[in-house]
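Number of protein chains: 2
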Amino acid sequence: MSSTKIHALINIGTLHTFAGGPRRGEQLLDTSPIVNGAIAWDSDGRILEVGTEVEVRDKVSGGNVTWHNAGGLIVTPGLIDSHTHAVNAGSRANEFVMRCMGTEYMDILRAGGGILNSADRTREASQGQIVQVGRENLRRSLSFGVTTLEAKSGYGLDTETELKMLRAIRTLDETQSIRLKATFCGAHAIPREFKDNPDNYVDLVINEMIPKVADEKLADYCDVFIEDGVFTVDQGKRILEAGLKHGLKPKVHCDEIVPLGGTEMCVELGALSVDHLIVITDKGIDALANSETVGCLLPGTSYYLKKPYAPCRRMIDAGCLLALATDNNPGSSRTENLQWILNVACLYYGLKPEEAFSMVTINAAKALGMEGEIGSIEPGKSADLVIWDAPDLSEIPYHHGLSHVSEVVISGS
Amino acid sequence: MSSTKIHALINIGTLHTFAGGPRRGEQLLDTSPIVNGAIAWDSDGRILEVGTEVEVRDKVSGGNVTWHNAGGLIVTPGLIDSHTHAVNAGSRANEFVMRCMGTEYMDILRAGGGILNSADRTREASQGQIVQVGRENLRRSLSFGVTTLEAKSGYGLDTETELKMLRAIRTLDETQSIRLKATFCGAHAIPREFKDNPDNYVDLVINEMIPKVADEKLADYCDVFIEDGVFTVDQGKRILEAGLKHGLKPKVHCDEIVPLGGTEMCVELGALSVDHLIVITDKGIDALANSETVGCLLPGTSYYLKKPYAPCRRMIDAGCLLALATDNNPGSSRTENLQWILNVACLYYGLKPEEAFSMVTINAAKALGMEGEIGSIEPGKSADLVIWDAPDLSEIPYHHGLSHVSEVVISGS
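Just so you know, the sequences run in chain order A and B.
Using the working numbering, the letters of the first sequence correspond one by one to residues 1 to 413.
Using the working numbering, the letters of the second sequence correspond one by one to residues 1 to 413.
Next comes chain A alone, as it looks inside the complex (with noise of 0.2 Å):
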């Protein structure tokens, strides 16, 4: 051992590694429990060392070791809400009421509500106002037990606005906790000003708005939302490819409402995730199953529309790789509960509750392209923790509605 600070957590009473890679249809429910578990990390918050209480302290020593207790708690990796919202413009409570009374999603957009309401309000809005909606949505993401959340841009659908929205990102990034990864969402929908051309529109994101987010490396990853009455499989592609020539990998809105064709095609591409799938064809899920793309399921989103829920064990079974998010947003899945997302996924898609965990940890991991580095707890990769105040894993969805969090620790503090 270097003689650097040290950090140990000891008297884990269960420790959760989720170690060994991404996991498909069975494996998704090796949890391999340590009794009696500890965990060694160093001043960068690099894992050092896993195992047995007996077998940490075996190998970690001495003076420079500082110690902390778990209280005999279960821990797990870090939370990771790989398909989020969570940086925008504020409420859109009056759609959810609108919803209540039985108007469709879709027809609040058609109607120049929905995504387009909270781009006009995005618009509008300051850097700092978008900054401060975000860090509340934050903070309560990390009080669930999230350590790393993507976030997108898409309520600006013009240059300047999208440009803001990552920029507070950013900013965000550089001033709390949690880790974040920007998505360039320009395809969010097709701004008023391109209604009678969205092809035009096509063109402003691929040949000005991604080499201004390129330059400035505002962005990790290239969404666009592909659906019926937004954009096309083929102005898709055309986005995600422009998007990979500038370094912007393709984690897509694909197969929510209608079948199009849009998994089949960013599993060609190599998308890092397809998302939503409530809809999804037999030769998407078959395209799925042979790809290293990730499924990113969104539960809370079929229950917060009312929809169908995507057919998460038939895609198990396939052999998909699959995750679960939030997709906190103001007008489809008002939630940073990722806890609760455990609770609905496994009621309705027929999860245990060690698969669902799963997915939202090594197979989350693995739909931001960050397996090497985050999603589980293993030597090499970072110390990114939940310490729960449950008996067991199952506790957490059962018990629904609140945070069994007792502590986090991101990059090991």
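Mixed in with the good hints, there may be bad ones.
Same chains, same label: a pair holds when it works inside one copy or across any pair of copies.
Okay, derived cross-link-like pairs now, DSS-like style, lysine-lysine, Cα gap no bigger than 27 Å in a straight line [stated by the list, open to error]:
1. K245 to K164
2. K352 to K245
3. K164 to K195
Keep in mind the hints are simulated off the structure, nothing from the lab.
Once you have looked at the hints, place chain B on chain A.
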């Protein structure tokens, strides 16, 4: 004004009093908010004055007034959770996992699990252990803005354990801040010992349990689970009539899975509430609408059991008095989050936020027979208040899975 100590809460941005008594039909929408409101109460926690800040300052002043500042936030009556099993012997997460994998709730009960599982554990538990579980549950309920809560026995199913549960509820009422009301629910399931002669168990409930509960003044209400395979309407009627003779008012599980006519019978008995009502018939709705009995709806249970939702809008249109509650219990609805219940009710019953709030304030008070004491902010009632960290009422069901409470006041403190 008297010269006793007075407290005044001023700088209330928007004050929703829910005054004017229990509500039916379009009255559910009436919030008549007071802008720049204030509330004054005496040292017993009894409300003296309600109005604009100018009006209240005009009526209370001088050195005997302690001023509190609501910071411009919104204020409502404290929430009332009028149907829970919050005092029990703990987790049934294992059955949650079975249900996620496809086993039906009633099949778990028939196989000797479910309520019988909780009964085994409650019989083994000491009164102190039950108090401990209850205390944790109530601490969480308080964090969601609940100021009055009904808790049932019913995991004893023998005289000794039923009394132990009710004594635990009494201890909790005396040692934590939520106002508790207790329901004797000995007829919650047929215990294994009486599997082959349920009428003998009914006799035990009537001849031994109810008199002992009444002697010790341990309960306010009497409940029966009237359901196919549990208790018949006739058995229920015998038990409820025995309860009435001993001063216990009927509050009853009816029409949850199979409609048996329980609602009609309970209305005839003058029950305070009939609860669940997922499968209520037209005849049941008609009986309810023409009565003072409250239909207490439990949408979180429909969600958690993946069952249909009660026909709430039809009942509103028919003129029924309706309340909402969590049904917090270890098997069919494991949440203290009454704010989340507002979310599922708005979405899946098609309610406006104001309607849902009426159903957890003044109408929930009526479901407990306490509409003269709590449930609205009016002179003479208890100063039970929630100060909300939300821009308006809609935000609370809209943004779900967490608590929007800033501060809770119970009996003026």
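Hints and how they fare:
1. K245 to K164: So K245 and K164 pass the 27 Å test inside one copy only (22 Å; across, 70 Å).
2. K352 to K245: Neither: 40 Å inside a copy, 48 Å across copies.
3. K164 to K195: Within one copy only: 23 Å inside a chain, 68 Å across chains, cut-off 27 Å.
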